[in-house]
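Sequences and hints are given; from them, build the entire structure.
Residue numbers (the working numbering), protein chains in the order written: chain V, 1 to 99; chain Y, 1 to 353.
Everything labelled a hint here was simulated from the structure, so no lab data went into it.
Don't take each hint at face value.
What the hints assert, rightly or not - The list that follows gives simulated cross-link-like pairs (lysine-lysine, BS3-like), each with its CA atoms no further than 30 Å apart: (1) Y:17 - Y:57; (2) Y:231 - V:98; (3) V:56 - Y:57; (4) Y:231 - V:43; (5) V:43 - Y:232; (6) Y:271 - V:38; (7) Y:225 - Y:173; (8) Y:231 - Y:275; (9) V:98 - Y:232.
Predicted model only: the values in this text are computed from it and were never measured.
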Amino acid sequence: MGVTLGHHMASGMNGIRTAGDLVLRMEMQGMRINEAKKYVAGKLGVDVLDLADPYKMTEVRNKLGLGTVLAIPGEPKGMRAKANIAEVLDIEISCLNKL
Amino acid sequence: MEYNQRMGDGRLVSMTKDAIREDIEAGAADAADRAKIPTLSDDDMERLLDIMITQGKTVSVDVGNEVVMTTDMGHSVINGNYSECGGSGVSVGITAANQIIERCMGADSVGVQWYDYTYKSIKAVITQQQQELESILLNTTCPCCFGSMPNLGAYYKPDGPFENVGDMMAEGKITEGMEVYEQAAEAAIEDVFWVTQQVDKIGIDNINIDTAGAAGDGDLLASLKSAELIKKNTGISVEMGMANEFVLGIHGGMEYAGERLAGMYAHKLVKVAEKAGVDIFGPVCNTNTRMSTPWNVARAVTFLKECSRVSTIPLHANMGMGVGGIPMVENPSLDAVTKASKAMVEIGGADGI
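Right, dumping it as structure tokens:
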């Protein structure tokens with residue numbers, strides 16, 4: 001636990017608080033970090049530096065329905081959020097086709 | 001003036017600036033000598049020294065340098081209860097634990113890892129794993145990784161069908177041992193691919209072939225061939241994390257894409273991983289518990305920097321307990337973890353952890 005949280009604090013984008021999950025999805029397709037960030041920023045229409053900013057990214061994720069850490073009833077999360085992510089990033093997300 | 005530093009076993013010690021600089025130079029030189037790669041530049045060593053003498057409780061990367069994380073622990077940091085997993089033993093289910101790491105802890109990925117962390121063992125519980133996976137995929141937003149080890153050791157009697165290769169070789173049955181080792185590797189490939197096909201039915205995002213090479217060059221060969229098979233037949237994203245900083249030559253003659261695997265370090269391993277179709281590679285540097293954290297981190301950064309220079313795929317440096325400059329201790333201090341984290345990203349060139 002100390003290792004995990006330490007890395008998140010020191011170096012992490014921090015997942016759906018910002019755009020960490022989106023950048024990781026592009027790294028999973030073999031893009032290195034700068035290329036992945038550039039791709040995601042382009043698709044979201046934001047600056048690369050905005051990607052790890054929780055204030056800016058909460059605004060963007062709410063607007064595009066990409067899911068956030070706040071469990072607001074009725075707002076996209078889980079599969080609904082992933083459907084929007086697939087469309088915005090122009091990628092296939094396997095479980096959307098299989099579940 | 002003296003600065004608080006950690007030893008590789010986590011103990012707090014005091015060191016002068018000159019002593020820290022000497023350890024950084026020695027750690028970098030050790031890595032360079034072992035892997036036959038360049039040592040760190042003077043500028044890199046000064047940057048590392050600056051990080052190491054920071055006396056705050058934590059340090060962090062500069063804004064804009066953040067990276068993403070994948071893990072071989074996933075939900076186990078919450079609900080696992082065994083020390084090698086860092087598990088806290090909190091009494092919640094696997095889906096809830098994944099929701100906690102996603103919504104409360106800032107994880108970039110969620111995942112499923114069976115406690116008997118071997119693809120061979122997962123076959124017996126695959127339906128349960130599919131059920132857990134379905135629940136996680138329905139209830140989380142982050143990409144989901146399925147991780148386990150090829151673990152050739154699990155294929156030897158009494159756990160598996162093959163004679164123990166180590167015992168055979170100790171008895172002088174070298175050629176016979178090498179043949180059995182090759183057969184065990186083929187069995188592992190079959191199991192990794194079969195499990196992948198089962199979790200692909202549910203829609204997994206990424207397969208983590210983890211701790212690759214734990215049982216030597218045959219274990220690594222099984223990992224590479226499994227990655228190749230997965231990419232050709234399913235297209236699923238593959239991450240491959242190493243077990244060790246170099247490959248043990250149990251067989252000694254095993255090759256992939258014309259390259260002998262035994263003795264390879266990260267900067268060569270990443271090139272064979274690329275050829276196998278791996279999307280994310282996880283290099284390792286083992287921590288020496290008797291040396292200081294400046295020595296261990298300098299060593300890890302030196303290995304990683306050359307690996308990053310030659311790589312075309314993202315690198316998620318292994319930085320759990322006892323690897324990547326992290327002390328070999330169950331409850332490490334934040335100063336040691338965050339200093340290593342910053343150094344590996346900003347000097348080593350990690351794309352993730």
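Here is what the structure says about each hint:
Between residue 17 of chain Y and residue 57 of chain Y, the direct Cα distance comes to roughly 18 Å. Compliance with the 30 Å bound is thereby established for this hinted pair. For the proposed pair residue 231 of chain Y and residue 98 of chain V, the alpha carbon gap of about 18 Å is at most 30 Å, so the pair holds. Between residue 56 of chain V and residue 57 of chain Y the CA atoms are separated by roughly 28 Å; this keeps the pair inside 30 Å, and the hint holds. This hinted pair checks out: residue 231 of chain Y and residue 43 of chain V have alpha carbons roughly 26 Å apart, not beyond 30 Å.
Simply put, residue 43 of chain V and residue 232 of chain Y have alpha-carbon atoms about 28 Å apart, close enough for the 30 Å limit, and the pair holds. A hinted pair counts as satisfied when its Cα atoms are at most 30 Å apart, and residue 271 of chain Y with residue 38 of chain V qualifies at roughly 24 Å. The hinted pair formed by residue 225 of chain Y and residue 173 of chain Y meets the criterion: a straight-line CA distance of about 26 Å does not exceed 30 Å. At roughly 11 Å between alpha-carbon atoms, residue 231 of chain Y and residue 275 of chain Y fall within 30 Å of each other, so this suggested pair holds.
Note on residue 98 of chain V and residue 232 of chain Y: the hinted pairing holds, with a Cα-Cα distance of about 19 Å set against a maximum of 30 Å.
Checked against the numbered hints given earlier, this structure breaks none of them.
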